[in-house]
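J.: What follows is the residue order along each chain.
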Amino acid sequence: MIDLPSTVKISFRALKVNKMRSLLTMLGIIIGVGAVIAMLAVGTGARQQIAEQIASMGSNLLIVMPGSTTSGGVRMGSGTQPTLSMADSEAIIREATSVAYAAPVLSGIAQIIYGGENWSTGIQGTTPSMLNVRDWNLSEGRPFTMEDVRNATKVCLLGQTVVDNLFGGIDPVGQSIRIKNIPFTVIGILEEKGQSPNGQDQDDTIYVPVTTAQKKLFGTSFPGMIRIIMIKAKGPEYMDQAETQLDELLRQRHHIQPGRDSDFSVRNLTQMMQTAEQSTAVMTLLLGAIASVSLLVGGIGIMNIMLVSVTERTREIGIRMAVGANTWDIRTQFLMEALALSLIGGVLGIAGGMTGAQAISAMAGWPTIVSPMSILLAFCFSALIGVFFGFYPAYKASLLDPIEALRYE
Amino acid sequence: MALIETKQISRIYSMGDVEVKALDNVSFTIDKGEFVAIMGASGSGKSTTMNILGCLDSPTSGKYLLEGMDVSKMGRDELAAIRSKKLGFVFQGFNLLPRTSAIENVELPMLYSGMHARQRKNKALEALNLVGLAGREHHTPSQLSGGQQQRVAIGRALVNNAPIILADEPTGNLDSKTSVEIMELFVKLNAESNITIILVTHEPDIATYSRRLMKFSDGHLISDTTRGMQ
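Quick note, the sequences are listed as chains A and B, same order. The opening position of the first sequence corresponds to residue 34 in this note's numbering, with each subsequent residue numbered one higher. The opening position of the second sequence corresponds to residue 6 in this note's numbering, with each subsequent residue numbered one higher.
Honestly, the hints are just simulated from the structure, not real lab data. One or more of the hints may lead you astray.
[Said to hold, decoys possible] Derived DSS-like pairs (lysine-lysine); straight-line CA-CA distance at most 25 Å: (1) A:Lys42 <-> B:Lys128; (2) A:Lys49 <-> B:Lys126; (3) B:Lys26 <-> B:Lys90; (4) A:Lys42 <-> B:Lys90.
Computed from a predicted structure; not experimentally measured.
From just these sequences and the hints, can you work out the full model?
T.: Okay, here's the thing in structure tokens:
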């Protein structure tokens, strides 16, 4: 029986004899593997981005928004009328057992000024719980306290984008900025978070105590009015329960009769993000599946060429058989050739796919990630293709009649 | 015990409805160290005999004993193993691997008998030396003359220390001068290394190099004569 190094040597020599043909045969596999790698990289990149954005939003998030209200028979659009209050937020913390944190938010857009610079950004009036809800830490300074909220002090936390636009290298903590011409002291800087899942810059924001926002910055149509309530459930398994509890509690507090529409709505942000992630996963799979069709075509190309090669080299097979090669020897020789074609094609395809992924990143601006798993998968898959499509030609070669093979012209 | 013994071997080819008896109840023995020439017109059964003796084909009926082993009922891989250990082939058309150096052509049988690379190389060099091709190890068949190619083929046939060399019209593609050289090489191998040589030819002067002459006609062995020592 022939040894492995000799088999490999014979196969490579045979491939070298027809360099162009070998290269063209490999091209099918190169393109197939390259496409699979690149498509999986695009899909994985998209998933990773969404996963990061979900993480940056904070986990187990629920959001209570004002719903539609009916005023004198006229139904107003959802979210147009403020219906939530500070008292609602406090009641949620007190009574909804599945809720870990709840933070009221009253927001608006305002012009801010520091020295000669000015910038327009979203101001969020909230409570210290907001940082817990959003899993958001400070990179510098201190958060405001419940004391600040009670006293409606004029302090603020700045997002990184705001810092970048107003302070050119100056440490903002302790500085005074003007929001709607009212001076506020900067007491802390929020850590950089990047984009939200819907593409907003999460760092372009300023947090102030909710009471300060109510009294000094934005007018309210009723005392204690807030826009939304951000909620963090105690854990992923509490999400459904929290949703039910919020719904029941707020309907009761807002005196809504059974059968009537709520004047608020509860949204499960985490779930929305997960749905997005799942659809990306499906897309990745689909792209991968389409790409593997070309891999299959490449495999058929290998089989085709191997069949031609067996016919061309019938006499060689006869000679080998005459000098003692058995079925196994002949079979391994041709199988090794098919395997070499597909594996070299596979490796080149992996390199091509990685380059392709980078090109996609550079040109389309999509994040792409070539995972080690996809490389391993592509490599194993091309080996499998080599063995699968190489087997029939090798089998055919091994069963040739030595006498006829020797006579073959 | 005879090296080769055939007991009433027949070989029948079926071509559609027609059955052709290429070989019909042939029995003979060949001892170790013999030099046998097989002659006959085309279709006489001499090639079929060679194929069966060479374990490339099996008889339809009858027994073929090689060193006492019944090889007539063996499968493909068992026959391949016998070819690897016991038999060397020399063909009319040389049948060397193209684009492959002389030494690698000679190494070929050892690849399949499972020998180490270093040992393969040494034995191949030895064999090339024996057939008078020292210094031409790295020439490919296209760079060698017909006679030289046939010498490479003979080197390949004896490199595994096979006790039997089967030569099928080994001088058919060579000019008369080169034919003589090749035949003298066979005689030398037969005399010095005690290798049994069985030769198929249709040229009477080539057959004179052998000591025993078997003539075939219509699938029958019609004459089997041994000359006295020359």
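J.: Decide if the proposed pair is consistent with the structure: lysine 49 of chain A and lysine 126 of chain B, CA atoms, cutoff 25 Å inclusive.
T.: holds (23 Å)
J.: Could you grab the alpha-carbon distance between lysine 42 of chain A and lysine 128 of chain B and see if it respects the 25 Å cut-off?
T.: Satisfied, since the Cα-Cα distance of roughly 20 Å is no more than 25 Å.
J.: Between lysine 42 of chain A and lysine 90 of chain B, does the CA-CA distance stay at or below 25 Å?
T.: holds (23 Å)
J.: Are lysine 26 of chain B and lysine 90 of chain B close enough, with their CA atoms no more than 25 Å apart?
T.: Not satisfied, since the Cα-Cα distance of roughly 30 Å exceeds 25 Å.
Consistency note: the structure conflicts with earlier hint 3 alone.
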